[in-house]
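J.: Sequence:
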Amino acid sequence: MCRRWLADEHLDALFLFIRLKIKAAGIPSSQNFTTADTIFMVWNRHVTLFAKWPLYKECIKEDRPFDWDEEYRLVDYVVGSKEDFQDPWASIGYVYSPFNVHGNHWVLLCLDLVSCQVKVWDSLPSLTTAEEITNILLPIRELLPKLLDSTGFFDRRGRSSTYKEPWPVVIVDSISLQRNNSDCGVFIIKYFEYIAAGVGLDTLCQENMSYFRKQLAFQLWTNTPMY
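Each residue of the sequence shown is one higher than the last, beginning at 1 in full-length UniProt numbering.
Some clues are possibly wrong.
As the list claims (entries may be wrong) - With a straight-line cut-off of 27 Å between C-alpha atoms, the simulated DSS-like cross-links for lysine-lysine are:
1. LYS23 with LYS119
2. LYS82 with LYS21
3. LYS164 with LYS82
As the list claims (entries may be wrong) - Estimated spans, in silico, between C-beta atoms of each pair:
4. SER115 with ASP155: 31 to 39 Å
5. GLN117 with GLY80: 19 to 27 Å
6. THR203 with ASP67: 44 to 52 Å
7. PHE218 with CYS59: 45 to 53 Å
8. TRP221 with THR162: 32 to 40 Å
9. VAL172 with ARG73: 23 to 31 Å
10. PHE218 with ILE27: 17 to 25 Å
11. ASP202 with ASP63: 46 to 54 Å
Keep in mind that the hints were calculated from the coordinates and are not lab data. No residue lacks a Cβ here, since even glycine has one placed at the ideal position from N, Cα and C.
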């Protein structure tokens, strides 16, 4: 992992590993959260929300319903019936996932199920404007509420129909940023780990990225969390 750009499989493995370790450690300050993977989120996979976007728009144009029952692979994430993702979203507050922008940059997404917002942590904000990221995320903003509604999420939460409208994007600012072109993956892993564990971001900086890469490799190799 040293100095390499992290790929889908690296991020999926580390997000799952960190989630399981935080849960097992029982950290008092940790959030009530789960994760999704790049298969659910990344734009170029056939089972993602993005892949369903053209079909959804076609249904809207033709004034016919979009059949979520046929999209069981997406519904499985939400209801907790997918292997490695067994927390029903109706019982948790936040869903974290890697998200790829422009095919060459990772940001951290949080589906905030409490405030019904899509939150973004971007370690290189000069690459994408707020307007661009909001437009890029339009399929998630529109389809996620529909997907949740198809599982009875809003009824169980006692939420009004206004939350079924497209969710707003919130870009989190005042965070540590990267100063090179290769550490975005490590940054989003550590954003996720620190935030989900309820730990301050004080030590999350460019100077510590080399150490964090070695730390993550050691954690995976030895199956040992640093808590």
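J.: Each hint needs a verdict: does it hold in this structure or not?
T.: Structure-based check of all given hints:
no.	hint	verdict
1	LYS23 with LYS119	holds (22 Å)
2	LYS82 with LYS21	holds (19 Å)
3	LYS164 with LYS82	holds (24 Å)
4	SER115 with ASP155: 31 to 39 Å	violated (18 Å)
5	GLN117 with GLY80: 19 to 27 Å	holds (22 Å)
6	THR203 with ASP67: 44 to 52 Å	holds (48 Å)
7	PHE218 with CYS59: 45 to 53 Å	holds (48 Å)
8	TRP221 with THR162: 32 to 40 Å	violated (48 Å)
9	VAL172 with ARG73: 23 to 31 Å	holds (29 Å)
10	PHE218 with ILE27: 17 to 25 Å	holds (20 Å)
11	ASP202 with ASP63: 46 to 54 Å	holds (53 Å)
Taken one by one, the earlier hints fail for this structure at numbers 4, 8, listed in ascending order.
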